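Protein chains: 2
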Amino acid sequence: MVSPQEKPIGVFDSGIGGLSVLKQLVRFIPYERFIYLGDTARVPYGNRSVDIVKEYAKQCTEFLIEKNVKLIIVACNTVSSVALETVIETAGKIPVIGMIKPAAGAALRSTVNKKIGIIGTRATVSSNSYGKEIHSLANNEQVDVFSQACPLFVPLAEEGMIRHSSTKVIAEEYLSVLKEQNVDTLVLGCTHYPLLSQLFKEIMPEVNLIDPGEHSAVSALRLLAESGELVEEKDEFLIKPNIEFYVTDVPALFYEQAQNFLGFGIDEPIKITLE
Amino acid sequence: MVSPQEKPIGVFDSGIGGLSVLKQLVRFIPYERFIYLGDTARVPYGNRSVDIVKEYAKQCTEFLIEKNVKLIIVACNTVSSVALETVIETAGKIPVIGMIKPAAGAALRSTVNKKIGIIGTRATVSSNSYGKEIHSLANNEQVDVFSQACPLFVPLAEEGMIRHSSTKVIAEEYLSVLKEQNVDTLVLGCTHYPLLSQLFKEIMPEVNLIDPGEHSAVSALRLLAESGELVEEKDEFLIKPNIEFYVTDVPALFYEQAQNFLGFGIDEPIKITLE
Numbered sequence: 001m002v003s004p005q006e007k008p009i010g011v012f013d014s015g016i017g018g019l020s021v022l023k024q025l026v027r028f029i030p031y032e033r034f035i036y037l038g039d040t041a042r043v044p045y046g047n048r049s050v051d052i053v054k055e056y057a058k059q060c061t062e063f064l065i066e067k068n069v070k071l072i073i074v075a076c077n078t079v080s081s082v083a084l085e086t087v088i089e090t091a092g093k094i095p096v097i098g099m100i101k102p103a104a105g106a107a108l109r110s111t112v113n114k115k116i117g118i119i120g121t122r123a124t125v126s127s128n129s130y131g132k133e134i135h136s137l138a139n140n141e142q143v144d145v146f147s148q149a150c151p152l153f154v155p156l157a158e159e160g161m162i163r164h165s166s167t168k169v170i171a172e173e174y175l176s177v178l179k180e181q182n183v184d185t186l187v188l189g190c191t192h193y194p195l196l197s198q199l200f201k202e203i204m205p206e207v208n209l210i211d212p213g214e215h216s217a218v219s220a221l222r223l224l225a226e227s228g229e230l231v232e233e234k235d236e237f238l239i240k241p242n243i244e245f246y247v248t249d250v251p252a253l254f255y256e257q258a259q260n261f262l263g264f265g266i267d268e269p270i271k272i273t274l275e
Numbered sequence: 276m277v278s279p280q281e282k283p284i285g286v287f288d289s290g291i292g293g294l295s296v297l298k299q300l301v302r303f304i305p306y307e308r309f310i311y312l313g314d315t316a317r318v319p320y321g322n323r324s325v326d327i328v329k330e331y332a333k334q335c336t337e338f339l340i341e342k343n344v345k346l347i348i349v350a351c352n353t354v355s356s357v358a359l360e361t362v363i364e365t366a367g368k369i370p371v372i373g374m375i376k377p378a379a380g381a382a383l384r385s386t387v388n389k390k391i392g393i394i395g396t397r398a399t400v401s402s403n404s405y406g407k408e409i410h411s412l413a414n415n416e417q418v419d420v421f422s423q424a425c426p427l428f429v430p431l432a433e434e435g436m437i438r439h440s441s442t443k444v445i446a447e448e449y450l451s452v453l454k455e456q457n458v459d460t461l462v463l464g465c466t467h468y469p470l471l472s473q474l475f476k477e478i479m480p481e482v483n484l485i486d487p488g489e490h491s492a493v494s495a496l497r498l499l500a501e502s503g504e505l506v507e508e509k510d511e512f513l514i515k516p517n518i519e520f521y522v523t524d525v526p527a528l529f530y531e532q533a534q535n536f537l538g539f540g541i542d543e544p545i546k547i548t549l550e
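Protein chains in written order, with our numbering: chain A, 1 to 275; chain B, 276 to 550.
Think of the hints as simulated: they come from the structure by calculation, not from any bench.
Watch out, some of these pointers could steer you wrong.
To be clear about the criterion: a stretch of chain B counts as covered by chain A if any three or more of its residues have a C-beta under 8 Å from a C-beta of chain A, and this derived list gives those stretches [unchecked claim]:
| no. | stretch |
| --- | --- |
| 1 | 301-309 |
| 2 | 381-389 |
| 3 | 499-505 |
These numbers come from a predicted model, not from an experiment.
From the three backbone atoms N, C-alpha and C, an ideal C-beta is built for every residue, glycine too.
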């Protein structure tokens, strides 16, 4: 019988972008064991129908349940936006943390002028998931939410063109409306965007960036601590976080991109089939 | 009888720099009640003798004990470096979190090439507190720690010269040795330095910045959650964090500087005398 502390935390994403979320989890709860599932054979989810995203999300959740996880983190903003309920229903008693709510709360606590910007893929922006959550948490307070789809950031980040001059030109264009609206808080509503943080700060130096991965990691810490399922802190030098990687495909540039997202190299992933 | 959850968290610093630590606490455990004490009449502690710093630290701790705090955060890097034991002894059963250990652990988990840079005031750098803690946590692993005192950053930050060209010139000079040593992780060993984060990232774009305030906030979250003393998360829009401010003097520029450190304006502080 495995004790609750010994069970792993499951993290899934449509691809490898969710590694930026895993990076935050490792930063805040480094002593845990993680299982990361990237559905790299079917990435990106962003342009698919809601029904198919729900089906894929269900399959990912079932895979993690079989791994006996104590908590599921939905690292994918698209799944968090359109299929979180499906994950929660599938997960049963296993708690689920998505990207939207922790970031919406953080954005509300961050904003002073009550003007919040959201950037994300077209799917996330169209769903208005962040806007809805922010307005729901804000109760009757007036908060203005401005959203901007930034479809080129994912391919640019995956090509490693983080400091390329054309990425800056594109970012300036994408962010211009949010800048005009004078938002003081910007939610990075896609797993790839934390890689571009430095660029966003150059373009909007006064803005407070909200990384949903960071805030979902804090939610995970809080949830596990309160339920007594947190692994105890150890006074030792961690050579390497304890992570098992599962993917549905190993694409070209996989290891390079994983290194960019995580900040450290990863072991060979185990290739699986979801259905 | 006050329940453990209802008790405030006490934070003290030699001045207002500790507000950068309070900012992180508010970010990670926003539902708590905070008491902030800034010994603004006797700031800075950095150039004083160890004995006098210990005496001041004891007085600050006693003030917070009288306020019935459930946890004490030593926001001052100098006190954390040379007088943490005094605070712990004075605090008795009340847990104490300083800046050094959480940041040392985070730096070790962050570094890949095992080269860590520390910047701080002369007092903090001379004490080698970060170096000692890092080497102690690292056990027998080889880790190189390079320290650089940056005495001008505090006055420059307090003058609000965060984006001034001369601040950049000075920062380039201070950081040049650490850059030559190829550190991949930089600990911001003074409460004022997070204000200069953007500048540090421009000078050393590949480096991972460690903000001790952030990691002490995570330690606080973990500690309170594990002891059952954490205030429950609320689904509501927080207009304003719950903070009482105490100072030993209200210096010129106080409100402006407080806003810079915290990111939001503060109420009038209560002036007290420590002895």
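Quick rundown of the hints versus the structure:
1. 301-309: Holds, because 4 residues of the stretch 301-309 of chain B bring their Cβ atoms closer than 8 Å to Cβ atoms of chain A.
2. 381-389: Satisfied; 5 residues make the cut.
3. 499-505: n = 3 at 8 Å, threshold three: holds.
Checked against the numbered hints given earlier, this structure breaks none of them.
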